Amino acid sequence: MIDKRVANASEATSDIADGAVLLLGGFGLCGIPEASIQALIHRHLKNLTCISNNAGVDDFGIGLLLKKRMIRKLIASYVGENEEFEKQYTAGELELELIPQGTLAERIRAGGAGIPAFFTPAGIGSDVAKGKEIREFDGRLYLLERWIKADFALIKAWKGDTAGNLIYRGTARNFNPLMAAAGKITIAEVEELVPAGELDPNHIHTPGIYVQRIFQGEIYEKRIENVTVSA
Amino acid sequence: MIDKRVANASEATSDIADGAVLLLGGFGLCGIPEASIQALIHRHLKNLTCISNNAGVDDFGIGLLLKKRMIRKLIASYVGENEEFEKQYTAGELELELIPQGTLAERIRAGGAGIPAFFTPAGIGSDVAKGKEIREFDGRLYLLERWIKADFALIKAWKGDTAGNLIYRGTARNFNPLMAAAGKITIAEVEELVPAGELDPNHIHTPGIYVQRIFQGEIYEKRIENVTVSA
Amino acid sequence: MLSKTQIAQRIAKEIKNGQYINLGIGIPTLVANHIPDHLQVVLQSENGLLGIGPFPKSDNTDPDLVNAGKETITMVKGSSLFDSAEAFAMIRGGHIDIAILGALEVSENGDISNWKISSGLIKGVGGALDLVASEAKLFVAMHHCHKDGSSKLLKDCKLPITGVKCVHKIFTDLGVFSILPEGGFKLLERAPGVMLDEIRSKTEGKLVIKGEIPEMESFDLG
Amino acid sequence: MLSKTQIAQRIAKEIKNGQYINLGIGIPTLVANHIPDHLQVVLQSENGLLGIGPFPKSDNTDPDLVNAGKETITMVKGSSLFDSAEAFAMIRGGHIDIAILGALEVSENGDISNWKISSGLIKGVGGALDLVASEAKLFVAMHHCHKDGSSKLLKDCKLPITGVKCVHKIFTDLGVFSILPEGGFKLLERAPGVMLDEIRSKTEGKLVIKGEIPEMESFDLG
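Chains as they are written, first to last, in this note's numbering: chain R, 28 to 258; chain V, 28 to 258; chain Z, 9 to 230; chain G, 9 to 230.
Looking at chain R on its own, in the form it has when it is part of the complex (with noise of 0.2 Å):
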């Protein structure tokens, strides 16, 4: 097996420079790549393109790279949850591309699995086919969409092994599986790092073919959007 381990995130992203686009994996604050986003905000980079579901919030995920003025272009699906965002954005700074969450995803996958363009009802009649060709399949209207990768996709993980495998845990799988497959260098960071053959290759979510880097982070703060308990 292929050892793709490194020694932590700084030596990871250490070749990410300035007007790199990144996938960024991660649904709000869940299963997004902490310690590669803490690596890169120690670091004075500008003109980022990044790719994720969301924007973080202020003072964590994305929105730390968005403090620091990082970033020139944001696409995501929903940023609502980001206020120095609507700042920047105003301000006329910032780049902000909207893009329907499944489309998104499948943009992505499409990416990772050498599709360059496929049909989606997503959007047919909103602002979103704008520009794009609509096509009539079987009595339905589509819309061409097309592939997105990037320089580097930054995504978490739970366990991995040192052949890049990954599992990921609960709902924070989310865009990772997608993004690892898209980026030209994948950096995963994982919460536990183990040796090649201790994972079951039937519970692996991502193959290791996908991943260039990887490294176990050192303390993951996980933190919780909205915490919401029943009674």
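Derived by calculation from the structure, the hints in this document are not laboratory data.
Some hints here could point you the wrong way.
The list that follows gives simulated cross-link-like pairs (lysine-lysine, DSS-like), each with its CA atoms no further than 30 Å apart [what the hints assert, rightly or not]:
#1 R/159 x Z/173
#2 G/155 x G/214
#3 V/100 x G/155
#4 G/166 x V/114
#5 V/159 x V/211
It should be emphasised that the depicted structure is a prediction, and the values quoted were computed from it without experimental measurement.
Got chain R; can you put chains V, Z and G on it based on the hints?
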């Protein structure tokens, strides 16, 4: 949870009628729906369209349906292991559509995922591209392929629960998960059927939503096509 | 007039055995609390779960287990976990039977606007576009009017449209409505105590009232 | 002239550390036996496995574990299992570094024909079309001539084409060839004891011989 149990293969397949379009899981003889096929050969069905990666061998798998002349059309990627096929095909009794294996897999995946058409590079320059739309993306040529869906999907898993959740074993997974999602009625047979809640939600390969009927098969021959051993 | 909880209770009565359901954020989320125990139904969370259970006890929250509203949840027995592409494959592929969404506006031909907008800025489109374009039966749960008193049941949507001709039924604090094939909000039921005149005056789009309109069956107002 | 095993041995020398490789049926399968132990490489089986191990002992065959040739196999440590759509996503998406395939014909501009044909009937296309259309470096392993003595290295393929301008290198019993950008089989190495005249006479397409052509480094002929 929704209880998807039926008594056995006969009950599960009783409404499959003449002219039905079937997806059949498996790769070669590995992971094929043995019990459902056995149930079908005891009926006098005609004009079935069978979509499967292979056509079985003469006395096992889809070969059994061929021998009983139940199949009018075969859609597969490779049928080289089946002599009966050649006889019927040469006699003009059987239609054959060969599809590249990856395109077959992706078309079935598209059927389940509501993607009516997608572009793929496989087949450019070959007979497979004949009559298909070809388009350039980012300097490379791709051809447009349509989704595949079916009236019934007959699939085989290792373990399943009453809610229809499935876990496969080894490479017996192959086309089964894709087909599960692309059948209007998906009939899953398993070696071991357990109550809902006994399978780890994180280990499930096919979520129960794709399965309409599930039963535990009685005996599995699991014939090996090519026993190859090392000294 | 119904409370949000009562709107959710009323919608819960529409749910049938064996259905897979996606609940949007807001009133739709409350529907989960009112599905009768004898029904076998499964709730999907489009981030990647089938089988949403009740909210957890306060000592049992798990940061790795949230719903589409990023709220902590639990899983019922027989759940399955998957990635977001698979979650939307289920939606787009027609495997979800019912989608229940909130809305800002619905038009009389069944268009819906439900994007999150704040001070003129669209802050998100989320998963709604995929849901409204799917084959799932689309139920809308919302207040009949905006806070300023203006109607949300319009001739045409004024806000950006999420989906066209997709709404099946609308459940508001005043009543239940279906969309007629030729266009128009057909009143099916009145909320307890609500008079036709109130519904007429608060519905800007074409309202169709045919015959006797029954008052909603009374239910637990708890 | 090389045996099938020796062709496989020669191809194995092309493999570099850290590569993901797909081996086709026939001679390519044999390559696995000759990859040096010190290299970290992973073999993919396109039915749904990364990490093919040696063939099993006779008392250890598992019907649920077969390769793309439907042969019983084993898994190495660190393997992963997946479905066939994912397997071809890896191929199509450019994640496989090298594909080694058998062929019936190769043309001087790098086209390949390798469909299974029997008595005029195409019996299968398999996964080759996806592999040849991928970004994987394509190595062809085959005998230089058909059994009737006719060349398999042609100006144009006569059989149905699997892929166009996709072959990177060809390894036959007579030598190693690359495809020139402007077309033509460039001879890189001769098999031990094989003379240029034999290669010339058995290559129907344009053969390019420039300078001294080294004889293949001798290797274990076992």
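Checked hints:
1. R/159 x Z/173: holds (20 Å)
2. G/155 x G/214: Holds, at roughly 21 Å.
3. V/100 x G/155: violated (34 Å)
4. G/166 x V/114: Between residue 166 of chain G and residue 114 of chain V the Cα gap is close to 26 Å, so the pair holds against 30 Å.
5. V/159 x V/211: Holds. Residue 159 of chain V to residue 211 of chain V sits at ~26 Å (cutoff 30 Å).
Of the numbered hints listed earlier, the single one contradicted by the structure is hint 3.
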